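Model the placement of chain B on the given structure of chain A, informed by the hints.
Which chain is which? The protein sequence lines are A and B, in order.
Taken in order, the first sequence gives residues 81 to 526; the numbers are from my numbering.
Taken in order, the second sequence gives residues 0 to 477; the numbers are from my numbering.
No lab work stands behind these hints: they were computed from the structure.
None of the values given here were measured: they were computed from a predicted structure.
Yeah, the Cβ is synthetic: ideal placement off N, Cα and C, and Gly gets one too.
Errors might be hidden in some of the hints.
Stated by the list, open to error - DEER-style ranges, computed between Cβ atoms:
#1 346/A / 116/B: 51 to 61 Å
#2 286/B / 375/A: 56 to 66 Å
#3 503/A / 96/B: 35 to 45 Å
#4 89/A / 314/B: 46 to 56 Å
#5 169/A / 96/B: 49 to 59 Å
#6 504/A / 0/B: 25 to 35 Å
#7 409/B / 339/A: 47 to 57 Å
#8 504/A / 117/B: 30 to 40 Å
#9 276/B / 218/A: 45 to 55 Å
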Amino acid sequence: MLGKDKCEKILKTVIELTGKADEAEVSIFSGEAGLTRFASNYIHQNVRERNGQVRLRVIIGKRIGHSSTNKTDPESLKNLVDRAFQIAKLSEEDPNFPGLPQAAPVQQFNAFRPSTERYSPQKRAEAVASLIRLAKEKGLTASGAFKTGLREFAIANSKGVFLYHPVTVADFSTVIMSEDSSGYAGASSIDVHDLDLAALAKEAVDKAQKSRHPVELAPGDYPVVLEEYAVGTLVGFLGFLGFGSRAFHEGRSFLSEKINQQVAHPMVSIWDDGLDPRGLPQPFDFEGSPKTRVELIKDGIAKSAVWDSYSAGLARVPNTGHGLPSPNGMGAIPLNTFMAPGNIPKVQLAKGIKKGVWVTRFHYTNPVHPKKTLITGMTRDGTFIIEDGEITRGIKNLRFTNSILGALEKVEALSTETKTFIGSFESTCVPSARISSMTFSGVTEF
Amino acid sequence: MKEKLNKIIDYAVKLGASYSDVRFLHREEENLSARNGRVEGIEKTENEGYGVRVLINGAWGFSSSPDFSQWENVVREAVEIAKCSALAPKTGGIGFDAMKPIIDHYRTPFMEDPFEISLENKLSLIMNVDKALRQFPEIKVAMVRIGFVRDRKYFASSEGSFIQQDLLESGGGLECTAVGAGEVQKRSYPNSFGRQQLTGGFEHIRAMDLVGNAPRVAQECVALLSAPQCPSGKMTIILDSTQLALQIHESCGHAVELDRVYGMEASYAGTSFLTTDKVGKFRYGSDIVNLYQDGTVKNGLGTFGYDDDGVPACRTDIVKGGIFQGYLSNRETAHDLGMPSSAANRATSWDRIPIVRMTNVNLAPGTWKFDDLIADTQDGLYLITNKSWSIDDKRLNFQFGTELAYEIKNGKLGKMYKNASYTGITPEFWKNCDAICNEKHWGLWGTPNCGKGQPPQVAHVGHGCAPARFRNVRVGVA
Chain A
81 MLGKDKCEKI
91 LKTVIELTGK
101 ADEAEVSIFS
111 GEAGLTRFAS
121 NYIHQNVRER
131 NGQVRLRVII
141 GKRIGHSSTN
151 KTDPESLKNL
161 VDRAFQIAKL
171 SEEDPNFPGL
181 PQAAPVQQFN
191 AFRPSTERYS
201 PQKRAEAVAS
211 LIRLAKEKGL
221 TASGAFKTGL
231 REFAIANSKG
241 VFLYHPVTVA
251 DFSTVIMSED
261 SSGYAGASSI
271 DVHDLDLAAL
281 AKEAVDKAQK
291 SRHPVELAPG
301 DYPVVLEEYA
311 VGTLVGFLGF
321 LGFGSRAFHE
331 GRSFLSEKIN
341 QQVAHPMVSI
351 WDDGLDPRGL
361 PQPFDFEGSP
371 KTRVELIKDG
381 IAKSAVWDSY
391 SAGLARVPNT
401 GHGLPSPNGM
411 GAIPLNTFMA
421 PGNIPKVQLA
431 KGIKKGVWVT
441 RFHYTNPVHP
451 KKTLITGMTR
461 DGTFIIEDGE
471 ITRGIKNLRF
481 TNSILGALEK
491 VEALSTETKT
501 FIGSFESTCV
511 PSARISSMTF
521 SGVTEF
Chain B
0 MKEKLNKIID
10 YAVKLGASYS
20 DVRFLHREEE
30 NLSARNGRVE
40 GIEKTENEGY
50 GVRVLINGAW
60 GFSSSPDFSQ
70 WENVVREAVE
80 IAKCSALAPK
90 TGGIGFDAMK
100 PIIDHYRTPF
110 MEDPFEISLE
120 NKLSLIMNVD
130 KALRQFPEIK
140 VAMVRIGFVR
150 DRKYFASSEG
160 SFIQQDLLES
170 GGGLECTAVG
180 AGEVQKRSYP
190 NSFGRQQLTG
200 GFEHIRAMDL
210 VGNAPRVAQE
220 CVALLSAPQC
230 PSGKMTIILD
240 STQLALQIHE
250 SCGHAVELDR
260 VYGMEASYAG
270 TSFLTTDKVG
280 KFRYGSDIVN
290 LYQDGTVKNG
300 LGTFGYDDDG
310 VPACRTDIVK
320 GGIFQGYLSN
330 RETAHDLGMP
340 SSAANRATSW
350 DRIPIVRMTN
360 VNLAPGTWKF
370 DDLIADTQDG
380 LYLITNKSWS
390 IDDKRLNFQF
400 GTELAYEIKN
410 GKLGKMYKNA
420 SYTGITPEFW
430 KNCDAICNEK
440 HWGLWGTPNC
450 GKGQPPQVAH
460 VGHGCAPARF
470 RNVRVGVA
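Chain A on its own, in the form it takes in the complex (with noise of 0.2 Å):
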C-alpha cells in the first residue's frame, strides 16, 4: 500500500515539475490484492499483484498531452513530465476543453476496512479448502476464485485539487458442477466479512443439484424470473449504452430522444450514486469534481445523462462528477448503479407464472443494437423451468436476444433484496425481477 502520504509526495513532484504548464493534472492508481482460484476440486492459481501507474495531463494553452508510467523515480516522474509536455506542444489546441475542474468539497467516505487489507492467502486459502470439501462430500466439483486486495485513488492538480481515496474490495465467487449441470453464486463488498461464504456455497450446491437432467425447452418468447446476477448485467450495460454523456450527445443513445418519456415500467428507478456505501463508494471521480447522485429513470420516465466537466462544458449542464481518466474516448459514464428493490421476497417471484423461465445469470453478453438496447448472451449456472409459480426442474441454457428497455417495460415484480456487484472501479446495486416476456431466439446443448 501506498498511503496517502506516499502519494501526496509523487503528486506534489510531480505538480512541481510541470510548473511551466497552464495546467497540470496528475492521478495514481495504485492496487495490490491477492487472488485463490480454485477448480477440479483444488487451488491451481495463487496469485498476488501489486502496481500503480502515475497518470499526468499537462495542458499548454487549449493543447493536451498526457503520459504515464508505474515508475516513481524522481528520473522517471522527469521522464514523465517531459513527455507530456513534447505531445502537448505538438497537439491541436481543442477550442472545447473548458480547463481542469476547481477544487471543490467533497464528502469524505471511509471504505478502508484494514482487515480486509491485510487478509491472508492462508484464509482465502482455508475458506476455499472447505468449499472444496463440501462439493467433494456431495459428489460436485468446485471451481471459482477469492478475491481480496484493496485499492487506491489519488489526483491532484495545478487548481487546488488534492484527493485520495482507498478503497478495500472482496470479492468470492463460485460454479459448482455436477456431470450435467452447474450452480453459480457470489457476492462483493469492501468488508471480507460481510461475504457469507457458507450461504454462497449453499447456493451454487443447491443450483448444482436441483439442475441435475436439464430438459430442452423451445426458443421463444416466456415470462421470466431474472435473478440479481442477471438483473446486473442488464442494468449494467444500460448504464454503459444509454446514459453516457458523449453516446447521448451524439445521438447515440435511445435517451436522446426519450427525456421525460416513460421508457420502463413505473416500478422501476435506476439512479447512480457513488456516495452510497451498499455499492463501491468513491467520493470524487477520475477528475477530482465531486460525485452527485444522478436520477436516471425514476418511476419508469428517462430523466438524465451523467457528465464530466468535458461534457457538461459542451452542453451547458452541470458537471455530475462522472468523468473517467484523461485521455477518455467515451465520455462519462455511470459507475455507481442502483436499481430500487420491489415489496416481494425473492423466493415469490415465481408466484402466478404458468410456464416460464428462472434464470441465474448471463453469460457473454453483448450488445446487437446499442441504440435499441437490444442485447444477446446465454444464460449460465442454473436456469430452470417455472410451472405453476413453482421451479420444476433444471433445462438446458438458452440464448436470449431482447432490448433492455423491452424488459424493463414489462417489469411485474421486483424482490425485497438486494445484492451489489463491485468490478473493477464500479458496482451494481440490484433486486430480482419478474418479467412478464422476453425472447429466447435459442437454445444450446447443455
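Coordinates of chain B only, in the frame set by chain A:
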C-alpha cells in the same frame, strides 16, 4: 538482468521450490487518436516489473512487484502462497515434463520502427484520415486510432533457461457512426472495435491506406441508414475474412484451450465441448476445414519466439480434414494429456501468471477465387466486419452480427442490408462449410481484446483466414 533473475530463481529453489521461473517485462506504448476533427488523445506509457512463479509440493504460488529491491520479499510471498495452495491440492500434484535449457534472444522482424517516426507525422496521418471520414453530414462520429507496443521480456527458469524477447506490435483503424431518424449505424476499417494489429512495424499502418479507404467506409455507413433490414431464414452465407477471423476465435480458438477442457476456467470463461475423448475422432467440420495454431507465422499478433513456459513457438494441427486433432496447451496441461506443449502459455503482463492462450489460430486456405465463389452462389448473403458477438460457455451456441451485408443473387452481389446477424451450433456450422477462398485472399487479423482469466488478462492473438461459404445458416435472429 541475467544475474538479477538468476538470484531470484536460486532463492526460490533454496526456499523449497522444485521449479521456479521469473519474467521481467518492460512495456512501452504509444497511442494516438483523433475524433471529429480534433486530437482525442496522444499518450505515451511505460510499465515494468517482474513476476515469480514457484512450484512447491505440487502446488503453484505466484507473486509480482515493480520494485526489484523487494525481490526477496516477493519470492518469500510466492513460496508462502504455494504452501497455501497445498491446502487444497491437485490429486497427484501439478507436474510437467523436464525440458532442456534454452538460451536465446528473439526479435520481432519489422521494417519501420514506429517509435522512430515523429509524432508530427503520425498526428498528421490520423488528422487526414479523420478529415476524409467527415464528408457527410450524417456522420456524427469519426474516429481514428493508431497504437504501438514494444515489449522487452526476459525469462529465466530453474531449469537453466534464459530467454530475451524484443516484441513489437503496430495497429490502427478507423470507424465512423452515422445517425439518422431513429437509426444509428457504424462502419469500421480494416477491422472493427478500434484497430487491426499485427506484430511488426509502421509498414502495417502504411499498408492499411486509411486515408484512401475512409471515404468509401463513410459512404457505406451513411448508406446503411436507409438500407433495408437483413432478411431472416436459413440461407447460404459467405463471411469476409474479418468476420471469419472472429468466428474462428470464438468457436475454435477458445474451444481448444486445454485448460478450459480441464475445467480450469469453469467458473469464469467456461469449459469446452471438445473433450479429450474427441481427439482424432470427432468431426468438427467438413473435409475442407483445416485449422491449426501457429506461433511462428510472420506478422501474426500471436507470434513470438517463446511462450511464458520458455517453450519455442510452433505450429500444430487443430482440425485436419474436418477431424479434431489437438489443443492449445502449456507444459502443465500437455503433460496431463500426455502430449507435447503447443507453446501457448502466455501472460499479458509481468503481474499476471501465464495461462493457456491462443497464438495464431488459422484456417488454411482453400481453392476458390473470391469472384468465382460469389458467381457460384445463387442465393445468399455476403457478411462483412463484426458488430456483435456472443457464444455459450462450452463454445457451442454462437450468435454474431455484422456491420454490413450484401445480398447475393444469381451469382452477383446485390443490395446492401443493415443489422445482419447469424447463429448456429459450432460443429454443425463448420460441417456446412463448402468453400474456402485461396491463399491470394488469405490474410492475418489481430484480435487485441481477447479476455480470459482471473485477475483478467487481455491477450493479443491472431487469426489467418480467407473468405469462406457456409450453407443452411440461420440468419436474421435479431
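Right, here's what the structure says about each hint:
1. 346/A / 116/B: 51 to 61 Å: holds, 58 Å
2. 286/B / 375/A: 56 to 66 Å: Roughly 60 Å apart at Cβ, these two residues keep to the hinted range, so it holds.
3. 503/A / 96/B: 35 to 45 Å: holds, 39 Å
4. 89/A / 314/B: 46 to 56 Å: Holds: the Cβ-Cβ distance is about 52 Å, inside 46 to 56 Å.
5. 169/A / 96/B: 49 to 59 Å: For residue 169/A and residue 96/B the Cβ distance comes to about 55 Å; the hint holds.
6. 504/A / 0/B: 25 to 35 Å: holds, 31 Å
7. 409/B / 339/A: 47 to 57 Å: About 48 Å separates the Cβ atoms of residue 409/B and residue 339/A, which means 47 to 57 Å holds.
8. 504/A / 117/B: 30 to 40 Å: holds, 35 Å
9. 276/B / 218/A: 45 to 55 Å: Check failed, 25 Å falls outside 45 to 55 Å.
In this structure, the one hint that does not hold is number 9.
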